[in-house]
Amino acid sequence: MLKIQNLHVSIEDNEILKGLDLEVKPGEVHAIMGPNGSGKSTLAQVLAGRDEYEVTEGSIDFQGEDLLEMDPEIRACEGIFLAFQYPVEIPGVSNTYFLKAALNAVRKHRGENELDAVDFLRLVRERMKMVEMDETLLNRPVNEGFSGGEKKRNEIFHMSVLEPKLAVLDETDSGLDIDALRIVANGVNSLRAEDRGFLVITHYQRLLDYIVPDFVHVLVDGRIVRSGGKELAHELEDKGYGWLEAELASEATSAAPVGA
Amino acid sequence: MSNVVAAAENSYLAAFDQPGRATVEPTPRPGWRQAARDRFAELGFPTKRDEDWRFTNVGPVARTEYELAVAPAAVTLDQLEPWIYPEMARAVFVDGHFVAGLSDLDGLPDGVRVGSLAAALEGGDVTAHDHLGRYAPFDRQAFIALNTALFADGAFVAVPAKTVVERPIQLLFVAGPGERRMAFPRNLIVAGEAAQVTLVESYVGLGTESLTCPVTELAADPAAVVDHYRLQQERTDATHIALQHYHCERAANVSTHSLSFGGGLVRNDVWAVLDGEGVECTLNGLYLTRGRQHVDNHMWVEHVKPNCNSYELYKGILEEQSRAVFNGLIHVHPEAQKTDAKQTNRNLLLSSDAGVHTNPQLVIHADDVRCTHGSTVGQLDADAVFYLRSRGIGEEAAKSLLIYAFARDIVDRIRLESVRTDLEEFLFSRLPKGEIVRQAV
Numbered sequence: 001m002l003k004i005q006n007l008h009v010s011i012e013d014n015e016i017l018k019g020l021d022l023e024v025k026p027g028e029v030h031a032i033m034g035p036n037g038s039g040k041s042t043l044a045q046v047l048a049g050r051d052e053y054e055v056t057e058g059s060i061d062f063q064g065e066d067l068l069e070m071d072p073e074i075r076a077c078e079g080i081f082l083a084f085q086y087p088v089e090i091p092g093v094s095n096t097y098f099l100k101a102a103l104n105a106v107r108k109h110r111g112e113n114e115l116d117a118v119d120f121l122r123l124v125r126e127r128m129k130m131v132e133m134d135e136t137l138l139n140r141p142v143n144e145g146f147s148g149g150e151k152k153r154n155e156i157f158h159m160s161v162l163e164p165k166l167a168v169l170d171e172t173d174s175g176l177d178i179d180a181l182r183i184v185a186n187g188v189n190s191l192r193a194e195d196r197g198f199l200v201i202t203h204y205q206r207l208l209d210y211i212v213p214d215f216v217h218v219l220v221d222g223r224i225v226r227s228g229g230k231e232l233a234h235e236l237e238d239k240g241y242g243w244l245e246a247e248l249a250s251e252a253t254s255a256a257p258v259g260a
Numbered sequence: 261m262s263n264v265v266a267a268a269e270n271s272y273l274a275a276f277d278q279p280g281r282a283t284v285e286p287t288p289r290p291g292w293r294q295a296a297r298d299r300f301a302e303l304g305f306p307t308k309r310d311e312d313w314r315f316t317n318v319g320p321v322a323r324t325e326y327e328l329a330v331a332p333a334a335v336t337l338d339q340l341e342p343w344i345y346p347e348m349a350r351a352v353f354v355d356g357h358f359v360a361g362l363s364d365l366d367g368l369p370d371g372v373r374v375g376s377l378a379a380a381l382e383g384g385d386v387t388a389h390d391h392l393g394r395y396a397p398f399d400r401q402a403f404i405a406l407n408t409a410l411f412a413d414g415a416f417v418a419v420p421a422k423t424v425v426e427r428p429i430q431l432l433f434v435a436g437p438g439e440r441r442m443a444f445p446r447n448l449i450v451a452g453e454a455a456q457v458t459l460v461e462s463y464v465g466l467g468t469e470s471l472t473c474p475v476t477e478l479a480a481d482p483a484a485v486v487d488h489y490r491l492q493q494e495r496t497d498a499t500h501i502a503l504q505h506y507h508c509e510r511a512a513n514v515s516t517h518s519l520s521f522g523g524g525l526v527r528n529d530v531w532a533v534l535d536g537e538g539v540e541c542t543l544n545g546l547y548l549t550r551g552r553q554h555v556d557n558h559m560w561v562e563h564v565k566p567n568c569n570s571y572e573l574y575k576g577i578l579e580e581q582s583r584a585v586f587n588g589l590i591h592v593h594p595e596a597q598k599t600d601a602k603q604t605n606r607n608l609l610l611s612s613d614a615g616v617h618t619n620p621q622l623v624i625h626a627d628d629v630r631c632t633h634g635s636t637v638g639q640l641d642a643d644a645v646f647y648l649r650s651r652g653i654g655e656e657a658a659k660s661l662l663i664y665a666f667a668r669d670i671v672d673r674i675r676l677e678s679v680r681t682d683l684e685e686f687l688f689s690r691l692p693k694g695e696i697v698r699q700a701v
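Chains as they are written, first to last, in the numbering used here: chain A, 1 to 260; chain B, 261 to 701.
Chain A with its partners taken away, still in its complex shape (with noise of 0.2 angstroms):
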């Protein structure tokens, strides 16, 4: 459903992502790992439409169309779903009015109809519930005055409402305490389901002892150094990212004669 291949991405002249290769299919599970400034974010940012990023090469696609040609809110409508780092506040628009308006807005690009006022609201009850958030949440305002946990699993819940075909999660469970992180992870695995992949980018392998990945991928210095299954999470986990990047570091000189 994702195919990603060779993508550069810059901002502000700085190249970040420098040939980024990655297919995801329906039903997947992909984590992405890597050291701090590897370039995750900008991943998951470029994936959801965030214009600061500049794409120099490369492409995109999505569910067979060219996702880069696409406004943010086409992605979301089509099935793109990013659960913030960090989550934005904003006062002066209830978490119930939001969701309302971003759910019948992909309901109406999937030519469904729109919910009315009651099955919205037991759809939205029925969600809350998986992600064990309090019900006086949804009349607040979007995070506004959340805890760390709470902004997480307010992302997870959205999440939950909008069922998307793809789900990216930028650090979900960074801050967490190991109760929240469990339920995260619940709302997640509940959401897991043949026809909907994921991308799970963290730094630390502990979310995947509770989200179990198909695949990880390590990312270092914008590119995909190396892939494999979730074992490879415990192997990062014990050696440190360290491990890798004298490994490629060794890699680079040897290979260095034959460039010169």
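Read the hints as simulated data drawn from the structure, not as lab findings.
From the three backbone atoms N, C-alpha and C, an ideal C-beta is built for every residue, glycine too.
Where chain B lies over chain A, by a calculated footprint (3+ residues, C-beta under 8 angstroms):
no., region
1, 48-56
2, 64-76
3, 100-108
Distance ranges between label pairs, derived from CB positions:
no., chain 1, residue 1, chain 2, residue 2, range
4, B, S271, A, K108, 57 to 63 angstroms
5, A, E144, B, R552, 32 to 38 angstroms
6, A, K3, B, R552, 49 to 55 angstroms
Distance condition first, Cα-Cα at most 27 angstroms in a straight line; then the derived BS3-like pairs of lysine-lysine:
no., chain 1, residue 1, chain 2, residue 2
7, A, K108, A, K25
8, A, K108, B, K659
9, A, K165, A, K230
10, A, K108, A, K165
11, A, K165, B, K659
12, A, K151, B, K659
13, A, K18, A, K3
Since the structure of chain A is already known, use the hints to place chain B on it.
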């Protein structure tokens, strides 16, 4: 005053000598009109060199020849339909003159007087004579002097002590059809002890390039509860320079909502004097401007006595080349211990050509007080727009939602349902994707 400026004042001074001009004045203040005329001749129009008028240029007002309307222009009820709240009692003023035929003053409790100020003065109403001119001193400012010298009529509302007026009262001021007509409505509202009243003061226009300079004196006796709405809905070629003076006695509860959408050049001076213990005074405002509109809100809140609260929240949404000015002074007098005063001004600029001058000021002469003030000027938050878009909401709808959200706390504070609904509808009509916002909220 230079001679160059003096020439501009001549046409206004000539209006004072115009035959048929109303001359009625309060008995405790003989010679009041003449003194105001003389004071105006002394002061002249303010210029940008005056601190209070630095950002608002009234030069065009001084240079334009307006015609003083000695009688109201012919206006029908149908023409006023868009601005009328049928469930409210209504006093209509055209070109500053009360028009009984357009008014509806049924269903008010015994003893409540609503209608023409001139008639009340001529009829010897003691309350009218006693209060008129007590609060808004003409020596302070040229437009107050001009209003005092030239007013023909205006609204008079007197609510006796302990009387609750259930039916809100709309005071509708119409700039009548015609070109460059000027009016100086003079309004006096007196709420007796523990009385309660809700007023909607609306300014609308049917004529072109009108000039309206109203002065409203509102006196709230001890424990009176007054909810005062002020709606600026004039044409965008109109000039409107106004003063509202709120005089609050012990334990009075006065709240005002100033909603400013119309007018080309609009200046509102608001003086609130908290002159008894335990006053609660709320001053809310929302201004929406576009094109070349210019809206200036100048606020003075005088904490004279202890244990009073004042809360000011003014918000502005500016489009295109429009301009806004906010100047807010909170003055805490030496005796006013335990003052709790809060002032906030927030501005949202939707265009890089729009501009705001905001200037909150505190002058505190008591030591046991809590006073806060803050002002902001900003654009829509790009992170918030992207966040909404990433959930499927289109760019214009996302911006509309955020603009509505910005105005929302002012909307929510409006207790009068019909005014709140009107404001919401106006916002929906103004937003690029108002329909989506309407459905979402």
